[in-house]
Amino acid sequence: MLSPTKSNFGNRVPKQVQRCLPLYIALVIFLVLITNLDLITPGTSHAKREIRKTKPGPGVSEAEPMEFPKKIWQTWKVDALAFEERDLSRARTWTAKNPGFRYEVLTDNNDMYYVEHHFGPQGINRPDIVEMYRSLSARIIKADLLRYLVMYVEGGVYADIDVENLKPIERWIPKRFEESDLDIVIGIEVDQPEFADHPILGQKSKSFCQWTFMCKPGNPLMLRLVDGILDWLNGIAEKEGKPISEITLDFDEVLTGTGPSAFTLATLAEMSQREGKTIGWGTFHNLDEAVLVSGILVLNVEAFAAGQGHSDSGNHNSRFALVKHRYHASGWPSSHPRHTHPAYGEVEKCNWNAECVAMWDVNTAAYEKLSEEDKAKMIEIKKANDILEKEKSDQESRFLEMLEKQEAEKPKFDAGPQLPGHEEEQSPLQAVDPKPLNAAPIAAPPLPEAAFAALLPAEVVGGKPEDAGLAAPMQEPMGPMGLGLVGPAVLEG
Numbered sequence: 001m002l003s004p005t006k007s008n009f010g011n012r013v014p015k016q017v018q019r020c021l022p023l024y025i026a027l028v029i030f031l032v033l034i035t036n037l038d039l040i041t042p043g044t045s046h047a048k049r050e051i052r053k054t055k056p057g058p059g060v061s062e063a064e065p066m067e068f069p070k071k072i073w074q075t076w077k078v079d080a081l082a083f084e085e086r087d088l089s090r091a092r093t094w095t096a097k098n099p100g101f102r103y104e105v106l107t108d109n110n111d112m113y114y115v116e117h118h119f120g121p122q123g124i125n126r127p128d129i130v131e132m133y134r135s136l137s138a139r140i141i142k143a144d145l146l147r148y149l150v151m152y153v154e155g156g157v158y159a160d161i162d163v164e165n166l167k168p169i170e171r172w173i174p175k176r177f178e179e180s181d182l183d184i185v186i187g188i189e190v191d192q193p194e195f196a197d198h199p200i201l202g203q204k205s206k207s208f209c210q211w212t213f214m215c216k217p218g219n220p221l222m223l224r225l226v227d228g229i230l231d232w233l234n235g236i237a238e239k240e241g242k243p244i245s246e247i248t249l250d251f252d253e254v255l256t257g258t259g260p261s262a263f264t265l266a267t268l269a270e271m272s273q274r275e276g277k278t279i280g281w282g283t284f285h286n287l288d289e290a291v292l293v294s295g296i297l298v299l300n301v302e303a304f305a306a307g308q309g310h311s312d313s314g315n316h317n318s319r320f321a322l323v324k325h326r327y328h329a330s331g332w333p334s335s336h337p338r339h340t341h342p343a344y345g346e347v348e349k350c351n352w353n354a355e356c357v358a359m360w361d362v363n364t365a366a367y368e369k370l371s372e373e374d375k376a377k378m379i380e381i382k383k384a385n386d387i388l389e390k391e392k393s394d395q396e397s398r399f400l401e402m403l404e405k406q407e408a409e410k411p412k413f414d415a416g417p418q419l420p421g422h423e424e425e426q427s428p429l430q431a432v433d434p435k436p437l438n439a440a441p442i443a444a445p446p447l448p449e450a451a452f453a454a455l456l457p458a459e460v461v462g463g464k465p466e467d468a469g470l471a472a473p474m475q476e477p478m479g480p481m482g483l484g485l486v487g488p489a490v491l492e493g
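Everything in the sequence shown is counted per the numbering used here, starting at 1 for the first residue and increasing by one.
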């Protein structure tokens with residue numbers, strides 16, 4: 001007959017340990033829960049994974065990289081072997097100053113393959129992205145979208161084809177910051193918040209630069225941008241009742257849909273989500289030195305957008321200036337019309353000059369009170385001035401091209417070691433005095449004096465327009481913001 005076996009567990013384990021055993025088990029369970037809290041609780045660290053809901057594709061690692069990839073990306077119509085001399089000279093600045101970096105150009109011939117490979121079934125598997133990119137016909141929209149896709153998949157440095165590298169990429173991050181703490185480096189383009197309420201300039205008055213930035217792969221900000229662009233384009237197509245390939249977009253729609261405005265709004269939204277509070281433009285207004293917000297390093301305006309003639313952007317001789325934007329590839333506005341007054345043109349040509357913008361506002365309002373005959377006269381004067389301004393602009397462009405050609409043909413020699421602080425010597429292009437090119441500014445046509453009768457105070461009725469404090473909106477040829485510049489800004493960027 002079998003008898004019950006007596007357990008020896010109680011004899012082997014001291015009674016004190018037996019009494020504490022439940023406590024030990026509870027402690028182990030608690031530690032397991034704590035170490036995996038981000039997997040079961042929607043916290044800050046989980047927020048990054050929450051945005052990337054698709055599996056990682058080629059080039060996107062689950063592990064967050066400690067360093068920025070040593071890759072330089074540009075996109076253009078043709079590959080680097082077919083570059084014009086102008087574009088080739090810009091590209092060489094990137095490879096010359098960053099010999100340890102890989103340089104790659106995506107073109108109109110291979111961009112679709114790149115998107116299909118990385119976002120198709122064998123990659124991240126986002127057929128909506130592939131189909132949207134395939135359907136797009138607007139070059140600037142594809143160019144904006146492609147840079148975000150590339151930076152999400154592979155990371156590195158993106159630069160427009162007309163951007164020249166001034167300082168090595170390894171010097172872009174101030175020494176007080178750890179590269180492992182950053183996942184994107186951006187700069188300010190426009191910092192003119194005083195125009196925030198202007199009906200035309202408002203949405204462009206506060207923006208980060210996206211013609212050059214540095215990013216680690218898998219950054220959720222890039223995917224936030226891409227998803228926002230897809231939603232926006234689908235909304236435009238639905239509103240117009242057309243397929244994506246046939247939609248029409250004006251200048252401001254491009255800026256707000258895929259360009260700097262879209263980039264800025266997405267960045268502020270990403271910052272706000274990571275910080276758990278609203279991050280507004282005030283954090284970056286009048287920024288003197290770089291500031292870090294939840295992994296997003298924002299450099300001051302001189303870094304990527306020096307020499308604009310606005311936003312206190314200084315010039316390219318600044319120690320903060322990292323690149324030089326030449327603007328010669330900014331011809332896309334010709335395909336996407338912006339608001340242009342028939343007699344006073346584009347307010348953007350004021351280049352954020354407050355007095356000029358105020359005059360433009362007053363004069364365009366007064367224009368509406370003119371007779372049709374006077375309006376017609378002003379339009380004809382405007383057309384004549386446009387011809388003169390174009391001739392002047394073409395002359396400036398030829399002069400600049402001549403200087404650049406001379407600079408490129410100069411023999412290169414090794415000057416030996418340089419004194420500290422003198423590594424970046426001023427080139428002949430940077431030393432050009434812009435004044436001779438602007439000795440004869442083209443003024444916009446003044447309104448006929450009769451148009452001001454209703455605006456003048458009673459004591460000056462019958463006087464001249466200047467008696468009312470009104471004048472031609474553009475006494476100097478100032479350049480459009482962030483685009484092809486006229487006058488002094490041409491030589492700076």
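In case anyone wonders, no lab produced these hints; they're calculated from the structure.
Note that the coordinates shown come from a computational prediction; the quantities given were computed from them, not determined experimentally.
Please note: incorrect hints may appear among the correct ones.
To be verified - With a Cα cut of at most 27 angstroms, we get these calculated BS3-like pairs of lysine-lysine:
| no. | residue 1 | residue 2 |
| --- | --- | --- |
| 1 | 142 | 242 |
| 2 | 405 | 390 |
| 3 | 392 | 382 |
Here is how each hint holds up against the structure:
no.: 1; hint: 142 <-> 242; verdict: 18 angstroms, holds
no.: 2; hint: 405 <-> 390; verdict: 22 angstroms, holds
no.: 3; hint: 392 <-> 382; verdict: 15 angstroms, holds
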